[in-house]
Amino acid sequence: MNVAGKSVPHESARGHVTGEALYTDDLVTRFPGILHAWPVLAPHTHAMVTRLDAAPALEEPGVFTVLTAADVPGEGDCGPNRRDEPLFPKEVMFHQQAVAWVLGETLEAARLGAARVRVDYEPLPALLTIEEAIAAESYHVGPVHLARGDASAIESSALRFEGELAIGGQEHFYLETMASIAWLDESGGVAIESSTQHPTEVQEIVARVLGVARHQVMVECLRMGGAFGGKEVQSNAYAAVAALGAWKTRRPVRVRLTRALDMALTGKRHPFLARYSAGFAADGRIEGVRIALYSDGGWNLDLSEPVLWRALFHADNAYYLPAAELTGYVCRTHKTSQTAFRGFGGPQGMLTIEEILDQAARRLGLPPELVRERNFYRGGDTTHYGQIVKDAGRIETIWQQLKQSSGFDQRRAEIQRFNTGHAHHKRGLAITPVKFGISFTATFFNQGAALVLIYRDGSVQVSHGGTEMGQGLHTKMQQIAAESLGLALEAVRIMPTRTDKVPNTSATAASASADLNGAAVLDACTQLKERLAPVAASLLECAVHEVRFGGELVCCDHGSVPFRQVCEAAYRQRVALFAQGYYRTPEIYFDQQTGRGQPFYYFAYGAAVSEVEVDGFTGGYRLLRTDILQDAGDSVSPVVDRGQIEGGFIQGVGWLTLEELVWDAQGRLATSGASTYKLPSWSEVPDVFQVSFLEGATERGGIFGSKAVGEPPLMLAISVREALRDAVAAFGAGGVVTFASPATPERVFFAVRRAVAEREALASPAGGAARR
Amino acid sequence: MNASAACTPLRFLLNGRPVSIESSSIQTTLLDFLRDRGLTGAKEGCAEGECGACTVVLVAGDGSGSAYRAVNSCLLFLPMAAGHEIYTVESLAAQGKLTEAQQAMAAAGGSQCGYCTPGFVMSLFAEQYRPGRLGPCDPEALGGNLCRCTGYRPIRDAALALGAAPEGPWRDRLAKPAPPLESVEYESEGARFTRPTTVAECLGILAADPQARLIAGGTDLAVESNLHGRRWGRLVSLEAIAELREFRETEDSVRIGAAVTLNEIAARWNAPPESFRQWLPLFASPPLRNRATLGGNLMTASPIGDGAPLLMALDAVAHWAGARGRRTAPLAEFFTGYRRTALEAGELFTAIEIPRPGPAFSRFYKVAKRRVDDISTVAAGMAMDWDSAGRIARARFAFGGVAAVPLRATAAEEAVLGERWNESTVRRAQAALARTLEPISDHRGSAEYRLAVAQSLLEKFWWERREEAAA
Ligand SMILES: Cc1cc2nc3c(=O)[nH]c(=O)nc-3n(C[C@H](O)[C@H](O)[C@H](O)COP(=O)(O)OP(=O)(O)OC[C@H]3O[C@@H](n4cnc5c(N)ncnc54)[C@H](O)[C@@H]3O)c2cc1C
Ligand code: FES
Ligand code: FES
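Sequence order for the protein chains is A and B. Taking our numbering, I'd label the letters of the first sequence as residues 148 to 919. Taking our numbering, I'd label the letters of the second sequence as residues 300 to 770.
For reference, chain B alone in the conformation it holds in the complex (with noise of 0.2 Å):
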């Protein structure tokens, strides 16, 4: 193995203070440090990142300066925090005078058993330092947080009645840059956790070390560990590679590099399409996509992940590279079984790129029980061209939750291709839908409703195009 490479204890700032740590294993979550050192103020409810009770802010770049992002320290390995500046909820009142978020919550009555509540105050804390926010807080901002007691209602009332930032030290703060992230080595009872900076040093480690397991933003591994006690030797962590946090846009595409997380991109992307601004408000919750990556949704392979049905609709494609170099496929022909994709050991997914124009007509619908951060019952991504004589030119209709792979039903799409788009086309559409589909029951629905609402939702894709031509 790599042992050549000098370790070095995990530095970094918390509650404005360094931190040095020789001895946590690699696979030891923020949240248990935290709570280990006596700061209890960050509680674990879920512990896979559904609850926010975890929830501590870090400093990160925005623009010039930099913005305090919530996230969920149940789903941050303590080497993942290197370099990084952290604040938990002891630091808000250190001076024994309570943050303008903390007086709404306890002024509007928002705690109850106050468990859940260090969580929606770093939330609220970072959604008030927002940089370039205006007017009252937004509560969407706490979505990513879980109350059982209150119904929420003080607590959108205390969202509401904060405005601007006060001045202060914890606005200066922000003037400043994130601390860049720098290299890792961290090795701990024997295992490793790596933070390379290039893609070729990262290709060099997979190579070298079979046994490495990627980490992008972790939301989906840490989970593993938390939950079913995965171990690895080696993690490589992604976070610091520059190709991969690159997002460009150019004439022809837009090319989003596989660790830029899911809040990045909605802040970069310009005019994306419809599709996209419909999918994000849906994909899981503001802390989780402070960290979730599209690189890290697509390459779970999950039959039941959004990022594949809304990309494969907007005809994306994929890159990757390895040691037979760089290599690129469309995204409707990368997924290649239950849980596997066409990277092959030692790859690494390097970007998605998705062409331009984007398409005359794109909706993202996602059915769930919830209808906020939940996990899609049945996900799907529609896209639609017309020639001048308004017949189909091109049709896309991605599915997820209907079969062991995210899929693009072809048979529909071909279906209706140079027709135009009206009732009995999407009867069309439908009939073959039934004939590709494969879902299966579970606690999520039936195999029975998952194909009914796939086919649903071609209808419904038709209607909103005709409500849409009618305004």
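So that you can see chain A by itself, here it is in the shape it has in the complex (with noise of 0.2 Å):
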């Protein structure tokens, strides 16, 4: 291969590095008389809307309009699911929902009018944490079930124990906040510029809340300046509001949340309460689990039941669970309505498995990574739905390799050294894997599409019905067609995302879109070399079967033409220059009513070692070394993979140690801005960083053998939480931390209090007397 599986740089690296590359809100300026959205916000957190009056609104200068709920002329909600996201509520559901928009010739105008917009409120009692919705039992859905065996075998286990793990949400802080501009088209249409990762599910919804076909409305999108599941829906509902805006004003309408609104506004990663018990072996191996998930859903249903089914999915992780009881319920509470975030619910799963596992470590004595490795998936074994896990000796593969690689026996002992002669500051290591089932769980999902011009003179132009974001999709895409063409890069031309190119597409989401829409790209290159081999063979008075593609020329063993003169040839003989490629995934199913079948096309597998120091004084922190293996089969473009690795690494670091989101007694946001929401920065970076790619991982239907990389990297980070666990651990004596998610310097520091309290208390007679 000449193009792909090389290491490029991002397709848009170049615009990137010199501010040339377009986001929808740098736009702006190219639309003459734009008019600027800002929201009416309900100061409650739960609330009927009494009174409405924009009069007030419209003596502001600058004010133009103000939108409500009589302006739609269609049905004014933009649930994806069910019809339980209404555009302009009549019931507050969350603090500082928007209740209408203002349209001002400028967003200082808009933003002065929404203040003067008069609003009565009646309020009402709100639900703000998942322990209040069980006990009201305000569940979206549930409970679900997925089961294997009899979980009663945990009674006869010689270990047995249960608890409780919170988790916490967590904020996509894609750099670039929500944005949308409409404008009409000449004919009457609509046409919108939106950041998001489902144009076609914009342009569902755009066409609901004006009343009119999909035909009429069209959807683009440039790029997104990060998005990380938080676009795949959200975006819906300001992409709505700047099109009626249009519609109404027949004006161009920009809405662009700023940091503090989209923070106010959008959906995070859902907060999880996992309750659970288990049964061990006195070896460590597992006998049975009981885990009832609640995930916090916010307000409305958005994604939270396919999100919950994958946090049920990967309750195994990597491990066998002879015996399971999983039970799931979706919350109802009074926040924003919790959604997509890189792992769609995979990290709760797979923290609360990782959390028993090394509670079951310490309480048997036994160190956690043998505990772990002794309940890998072996071949041959099936997970709790019943799949078969593919490939499932990568893991233990991946395991010996990474602990030899990083050197972790040996580095064991020097921590244990470097713990014993340092009282206030003590070391962790740890290692865990990661396997993360690879489709969307809903099988229709699973289809790409593309479309592939060629033009006389043989450069290329690919439309394709994934969106960019950041995650390197264009730059697969631009070498997978260049491979398949046998062109250079510059010889393909990425197009952005539009309705109008490629319809009836599939989110941007799930890693699954190098798989989804690479096959399709490929299909429809392979038809369009089908059709030219022909011309090709002709010029260069070959058989057919003889015609090869590449170094921008098609060749046989006696010649070649370049590429450009048999595209020149090709028109002339009148054979079709473009073609649509198409790819669904086979395969796949599952049945919800008996949580059997095969809902994914293949796992990811990973493993991560983290080494951290933990001050006793402080609870503070440093993460001084992380290596990770990680298979992502042949890949495409290792840069890009590379990326994806690291920065979802780092994400999952951020989600587990600092990230944290905090809503006050009355259901306000509390950390709602970048100054009290703390991302990952450069003090979060390990001092030494490796990563490798698995060797020899080629996947079997995967686009060129490569796999999904996407979301699994995230889930690397929980060695970081774990290593974590194990430095406090070194403070106390032996036996068992918790802490809640994430890991805040509070939450080390009062670990490590009670950690240092049971050592003194069993270093003192009395303590000692008792323990016996």
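Don't read these hints as lab results, they were simulated from the structure. Heads up, some of the hints might be wrong.
Residues from chain B shown here face chain A by an in silico Cβ test under 10 Å; the list is partial [to be verified]:
1. Asp331
2. Leu338
3. Ala392
4. Thr416
5. Gly434
6. Pro438
7. Gly442
8. Tyr451
9. Tyr637
10. Trp762
Below, simulated EDC-like cross-link-like pairs (lysine to aspartate or glutamate); rule was C-alpha separation at most 20 Å, straight line [to be verified]:
11. A/Lys237 with A/Glu269
12. A/Lys237 with A/Asp224
13. A/Lys395 with A/Glu252
14. B/Lys396 with A/Glu637
15. B/Lys396 with A/Glu167
Quick reminder that beta carbons are idealized off the backbone N, C-alpha and C, glycines included.
Take the two lone chains and join them into the complex the hints point to.
Right, here's the structure in full:
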């Protein structure tokens, strides 16, 4: 292969470093007379809107109009699944929910106007926590069940314990906040520039709100400044407001959320509460688990149901659960509607089983890595939902290779020495695995499509169903098309994602977009080559089957012609130089009733070793070193894939350590800005950071043997949480260490205090006696 | 009002071309201005100085020449740009050829979504051209730029791959001095921006116009403007007042003008106490420190500001001026209540003075969720001197984040005076702290944690002293 599999820079790298690459809101100055939108925010967490008077806002200079429910010609609801997401709610369901939108000549005018809209509310009691929702039985979904074997096996296990783990959510903090611009085209249709992972759904929702057929709506996404799942469905509402504004005013309308608005209005990774009981044999093998997962779905359903399912699917991580009884609920609370976020429930499920395994190890006095290893899936095993774990042996292979390459055992000994010599600083080391299922769990989403256009000069345009959010999808599509047609990268141009180029697409999500759209691009290119081959064969005077494409040429054994020349000849012979490609993932299905099926086409594997140092005086810590070994199949784009691994890992570190969402007692988000909600910065990058790909890992059925790599690395960060736990344990006497997630310095500080207290109690004569 | 002073348009150099502005409001940010002109390389990621997506460079004086300084364009009000020379990412590859910072970022895979990239490029560009820099670029210079995609490793590699700044116009520019800052009088939409050049002139404006609001680096005020919609009728910039920009080191003291930026202090202070060295990199980020001043920091009187605990522990003295003439007070008596200081309306903070020699042993601790560029949950400045018999002659324990004001824990200080600094004295000081501190619970930490960690920091201070003595 010449282009695929090579380390090439991001397709837009030059545009990125020069600032020439454009994002939705960079287009504003291209729309003279554009109106700016600002929401009217409800100051209550739960309330009825009893009166809304927009008139005072219109007196504010520069305010053009106010959008309310009365302006909606179609259906004023943005819910992607259920109709439970009113655009102009009568019932306020979370603090600062938008109840109306003001359009102004400037953003300042709109903002001042919004402050003048008079709204009366009747406040209502609110549910703010998962515990409160459970007590009130306030659920969007559940209970749903997934089970295997007889979990009552726990009762006769040598080791039995139960517990609870609170898992915090996460703000996406894509650097580019939500943005859309809408305008009317000359034939009465509406066009929208939107920062969205799902242009097709934006089109659907806008058509619904305006009450028009979808062909009247065109949505384009140039690229996104990050998305991570946050723009899978939640872009819909802002595009709908822009479109409605343009519809009403006949002027272009811009909706762009400031960071503060974005954090207040948009959904986050789901906080979870896990309640579990577990039974283990004395050698550390799992005999059975019962796990109940409660996710905090916020005010409406959004994607919470598939998120919950993915959490249940991943409650095994890489381990064989002989008996498992899993139950799941999506709690309905008065918060933002939590949504897709890299990992999509998988991380919360996996964190739960890792918590259980570490506790078992410490209770049994075994090294946690040994307990983990003893429970790995082996070849031929099936998951708790009945799917054969394809390539299960890779888990063990990766584990052993990584332990070797990271010097795990030797460093364990060094750390022991360090800890003996340091009273107030302790180091911790941990290795954790990842097994992550690839495919949308709703089978019908697993399709991809592409449109490939060849021009007479041999240059190529590719449109496909996926969107570019930084994950390098366009880079991979460019490589695949260039590889297939035998062209240089520069000969292939990836076009912005538009609903009028490729219709009815799936969201760019579930790590599957390169697989789905890449196969579709390849399909289109293959068709075109089949059409070009006879043309080339006649130019080359050879048989059609002898024709090959490569090096910008079309060749046979005795000669070659430039690709460009073949295209020109094909045109003159009236051969169509464009093709649509299509792909659907084979062999996957799942039955929610029976809880059985094969929801995933394959699994992505990986493991990470992390080492931390904890300062017992403050609970502060540093990540000293991380080693990662990831199975990315035969990578199509190693620079892109390494970027996904490193970036996903650090994002996971953020989720598990410093990124803490705090809602106050009134249900207001207390961490509502960049100064109160901290992302990983330079200080969170490990001093030593080694990333390798598993060799010889060709994925049969994946595009050019490659594997999905977008989401799985996030969960490698669990190694950091476990390393922190290991370090805290070193302050104590080897007992169980627990703390809620994220492991903020405060939580680590108090965990250290508990560990020290335990050790001191044990050291005192009375304490020793009590233990015996 | 001072209507007699003639207003003039704002003028500055943008990407090598003069611009003149007459109608933008005084609180328009440089970022919004740039983007409205179609210079959309600078992005808004937060509008509060946290993300660096809006980074541009200004030319600032450096010795006899000048330097490019990365700044957050979201925190600069447009009139503050007057007289400056500013470059945005669009100027770097003007002739179609990427600069080295751009090449390095692209080659290292330093961009994914690319939204943060222009900001990183500008910070890296400024770092590469930093006068006197040797060896590879320092990735810490990019500490004010956040990236949500890459995990930073490739960006670190890009920085480490960059050596000496290449010859050419960008380097030639630095041989010449920065443009001198002159007075400004600008009015738009009924609001006025004034940049006086002397203390007397500044006090005159404050006396004549009680609404006038002082602005130094603007890193605090711009956040109030951008996030909370605060609007002022008059802003008075301190940037061109020579006295406030002075830094003077003598036998007896170090005197730092209120409008000297934090990075300038670091560059000019020859032998600062250890606690200052620890404090500096923990305070905000490099671009913030290029603009933020000590005067601004102390005048916010924030209970979680980092300047006060550091300086209180160093026995710093505040100087200010007003209608009643020049006044002074120990910093320990300066904060009179929640976000209140000893200054009265119409007064101007002029300098902070730190006596010399400094303490025998000093430390600064900052406890926060993120190790760098976070706001303190608890901050502590500590200092100690011993007499010849090894007894504590002077102890200073100053805290932020544990009460409505930054405070010195005098009860704890007194509890250890004349004692040896050992574990039992630490316990006594800790007990005194429990009686003095009144922390609250909020999203940064619980009251329980704040008290426990403040106490624990005393022990850390003891431990570190012991380790140092042993070494
Ligand atoms: C991203 C970010 C990170 C930050 N990190 C930190 C941190 O780590 N630690 C910390 O302590 N703070 C931090 N801050 C807060 C702030 O930047 C600092 O307090 C800074 O020192 C303020 O200085 P300035 O010159 O920019 O103040 P300005 O914004 O110019 O002024 C602040 C206030 O002081 C008044 N003022 C300024 N100068 C004078 C004077 N000479 N006389 C009288 N009044 C005056 C102004 O009127 C205004 O009310 C941070 C801010 C941001 C945006
Ligand atoms: S926009 Fe984030 S620092 Fe300026
Ligand atoms: S590349 Fe996306 S934020 Fe840095």
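So, going through the hints one by one against the coordinates:
1. Look at aspartate 331 of chain B: its Cβ gets to within about 9 Å of chain A, closer than 10 Å, so that hint holds up.
2. Interface hint at leucine 338 of chain B: satisfied, since its Cβ lies 8 Å from the closest Cβ of chain A, which is below the 10 Å cut-off.
3. Taking 10 Å as the C-beta contact cut-off toward chain A, the hint placing alanine 392 of chain B at the interface holds, the least distance being around 5 Å.
4. The beta carbon of threonine 416 of chain B is positioned within 10 Å of a beta carbon in chain A (closest approach about 4 Å), and the interface hint is therefore held.
5. Among the interface hints, the one on glycine 434 of chain B is violated; its C-beta lies about 18 Å from the nearest C-beta in chain A, farther than the 10 Å criterion.
6. The closest approach between the C-beta of proline 438 of chain B and any C-beta of chain A is roughly 7 Å, which is under the 10 Å cut-off, so the hint is satisfied.
7. Hint status for glycine 442 of chain B relative to chain A: holds, with the closest Cβ pair at about 5 Å, below 10 Å.
8. Checking tyrosine 451 of chain B against chain A by beta carbon gives a least distance of about 5 Å; that is within 10 Å, so the hint holds.
9. Interface hint status for tyrosine 637 of chain B: violated, as the beta-carbon distance to the closest one in chain A is roughly 19 Å, over 10 Å.
10. This hint holds: tryptophan 762 of chain B has a C-beta 6 Å from the nearest C-beta of chain A, less than the 10 Å allowed.
11. Only pairs whose Cα atoms come within 20 Å are accepted, and lysine 237 of chain A paired with glutamate 269 of chain A is accepted, the gap being roughly 11 Å.
12. The straight-line distance between the Cα atoms of lysine 237 of chain A and aspartate 224 of chain A is roughly 12 Å, inside the 20 Å bound, and the hint therefore holds.
13. Straight-line distance between C-alpha atoms of lysine 395 of chain A and glutamate 252 of chain A comes to about 15 Å, which keeps the hinted pair within the 20 Å bound.
14. Restraint check for lysine 396 of chain B and glutamate 637 of chain A: the C-alpha separation of about 18 Å stays at or below 20 Å, so the hint holds.
15. In summary, the hint linking lysine 396 of chain B to glutamate 167 of chain A is supported, as the alpha carbons are separated by about 13 Å, within the 20 Å threshold.
Hints 5 and 9 from the list above are not met by this structure, while the remaining hints are.
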